[in-house]
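Student: Below are the chains, spelled out letter by letter.
There are 2 protein chains.
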Amino acid sequence: MAVGHYQTSFSAVNGIRVASANAGIGSDDSPDLVLFELCPGSTSVGVFTQSHFSAAPVQVARAHLIEGPARYLLVNSGNANAATGAQGLRDARACCQAVAVQGKVKPQQVLPFSTGVIGEALPTEPIMNALPDMFAGLHEDHWLDAARGIMTTDTRPKIASRQLKLCGQLVTLTGIAKGAGMIQPNMATMLSFIATDAQISEPLLQEMLSSSVTSSFNRITVDSDTSTNDACMLIASGQAGDLLDDCQQELADFQDALTDLMLELAQGLVRDGEGATKFVTVHVEQGESEQQCLAIAFSIANSPLIKTALFASDANWGRIVMAIGKTDVQLDVESLDIYINDLCLMRSGTKAIEYEEADGANAMALDDIVIRVVLNCGACSETVWTSDLSLDYVKINAEYRT
Amino acid sequence: MAVGHYQTSFSAVNGIRVASANAGIGSDDSPDLVLFELCPGSTSVGVFTQSHFSAAPVQVARAHLIEGPARYLLVNSGNANAATGAQGLRDARACCQAVAVQGKVKPQQVLPFSTGVIGEALPTEPIMNALPDMFAGLHEDHWLDAARGIMTTDTRPKIASRQLKLCGQLVTLTGIAKGAGMIQPNMATMLSFIATDAQISEPLLQEMLSSSVTSSFNRITVDSDTSTNDACMLIASGQAGDLLDDCQQELADFQDALTDLMLELAQGLVRDGEGATKFVTVHVEQGESEQQCLAIAFSIANSPLIKTALFASDANWGRIVMAIGKTDVQLDVESLDIYINDLCLMRSGTKAIEYEEADGANAMALDDIVIRVVLNCGACSETVWTSDLSLDYVKINAEYRT
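Chains C and V, in that order, are what the protein sequence lines are.
Per the working numbering, numbering through the first sequence is continuous, rising by one, with the last residue being 809.
Per the working numbering, numbering through the second sequence is continuous, rising by one, with the last residue being 809.
Just so you know, the hints here were simulated from the structure itself, not pulled from any lab data.
Derived DMTMM-like pairs: lysine to aspartate or glutamate, alpha-carbon spacing no greater than 20 Å straight-line:
#, chain 1, residue 1, chain 2, residue 2
1, V, 572, V, 653
2, C, 802, V, 806
3, C, 802, V, 799
4, V, 802, C, 806
Residues from chain V that face chain C, not an exhaustive set, calculated with beta carbons under 10 Å:
#, residue
5, 489
6, 492
7, 526
8, 721
9, 723
10, 734
11, 738
Listed next, with one range per pair, are the computed distances between beta-carbon atoms:
#, chain 1, residue 1, chain 2, residue 2, range
12, C, 618, V, 412, 49 to 59 Å
13, V, 574, C, 759, 57 to 67 Å
14, C, 769, V, 466, 30 to 40 Å
15, V, 766, C, 447, 46 to 56 Å
16, C, 769, V, 759, 48 to 58 Å
17, C, 737, V, 448, 37 to 47 Å
18, V, 784, C, 735, 20 to 30 Å
19, V, 696, C, 739, 26 to 36 Å
20, V, 608, C, 469, 56 to 66 Å
21, C, 667, V, 532, 52 to 62 Å
22, C, 735, V, 766, 38 to 48 Å
23, V, 608, C, 784, 37 to 47 Å
Even for Gly, the Cβ is constructed at its ideal location relative to N, Cα and C.
Looking at chain C on its own, in the form it has when it is part of the complex:
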């Protein structure tokens, strides 16, 4: 299942070439290996999972990113190379070494990424074997194949582009992402790769990535679980015009475009969430603090009882009350209002006088639903996005070996 539309068009990014292949890491014949080549002078920044069990490729990518500058990104699906100990680190480094030899760069200029089964050794042989053809196939137009190559339980690729004029020069941003389950990224995201041809220095680029991640990938949840392999990379090839570091207005425009693009990818993950039949926006407003609004929003977005009610299209606002009630933030329940879309279900802590079950059922029948909680105690607001908990979520995860 998946909710709503998705798109497959994109704009190539000057200086970034992509290739993908079916190396035979997973059991099926869909693409499972992706290679990005970054032109000399590219700047790369990333954010990674906060899991204690950060996977071997995450550890190696973090280290190589510091040594850099990165020239290649190698991404495989079908195996996470996580909880694999010293062997896992050796395997990740061996893959970097193989790419480095063929790309004529240092191993430290190659960043590895993996997603798939946790706890199994990475099969490096098929990866090595696939590399020569991938090098031969590198092209600026291969982003959509890459979006397909990093999928696991995803049912469709997630790709997005933005273009804007900065200092008279057309700048492109293009990104891909994967992930449908084990999704509540923590200060990071599922795998996502975004490139631009703008020229921005590394510290500033890192700051912009972190800022955009906070309001996109860090605001989504499918099942409250956090992967061992989350990573989000932002690459600036610098092929479009001069350094933007001192152009305040241009940087602000770029940041907006970046957040917008990442939000599209993040919402794409939720729309394609495992078993999803609803796309749900949880908006908490007029709160005292960001932390208060977020705690309430995530409590609603992660409640199994709310998520099953959403699956049933049941306007069960008692469960929303329950999920708000169980948070450990300060709260005045008697000033609290709850809406589904524009329909008021609860006003000042009790059922809205005008509320009728039939109206609730109509509101819940839609695929795209907004749950809005008004705290009436301040000026802060926060939004998170989630999907429902369907029979298919259980089927998928009872059958698929993460």
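Once you've looked at the hints, dock chain V against the given chain C.
Tutor: Below, chain V alone, put in the same frame as chain C:
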């Protein structure tokens, strides 16, 4: 669905009489109203939900418990009288008033409890109408009917008794509990009523209740959700012998029996968890602190991905790694071992050399499963109990209006 055995035998408690009835609050013809009568001189203590939206009966019971001494407890299922505002408080007090008139006590000596749909007005009329017959039917032997009368999505009653000799006198403890979903009690529990004929003073009784709740009801989770109506009452009728307050050994024995009884009830809730096909003990040991062990245990017990793997009898230890990894406690992953029952799956942060998939599948095929995580960094340990996430959990909650 439900896992394992349950029992229906119990011992009556001197000084405590019970009655139940089908008052017609819910839509079916199962019992939905329960009345407890406590003999004069009884001591009552309770712990209640920490939800911001504590229900009207919870608020009234808390207040009346202070004014007391309690002589009647009135419990209904089918309607939670939660998020019902001022009207909800009036309704709860009206029920107390009606019981008080017929029982010839003050309204403040009646404690109300409700469980069922949130956000709907409590139908007081059928409750009032049912009271005369209930008063006529009060009897010390009616505990099992009461256990049935407080059920909602429960498929079977939860009742347990303990007897022990204290100062040469036989003392009885008997308790009932309900709850199958919206179960992760927070400093309280689902509805549970426990009585003893021992004589213990109120401050000490409260302390003993809180202590036993911590290691029983506060260590279970079905779906991580916390009810608005949780309450656990302990009543001492004082009919068996003298005050025990100064008998250290007897108090320790009593505390053990109380914890043991409450653990049986709490585990009974998990075994009858909504859609449960597995009863899972999560034991985290050799940790640095209680807080560290508990965070890891609850992260495992509440992970949708682990719970679906349990449903599939899939020894998917990668998901256990994931759930440990996402906690925000200090942790050395390289010294960490994971067992299912006696089978070692992971040793020192990576797959155990001797581990075979077939052994994992055998271990997971059982209904009762122990997930054991050894942190190897201290002397603390904690245990929580949970069930799996099955197709039936989704069906039940997509169909049932909480």
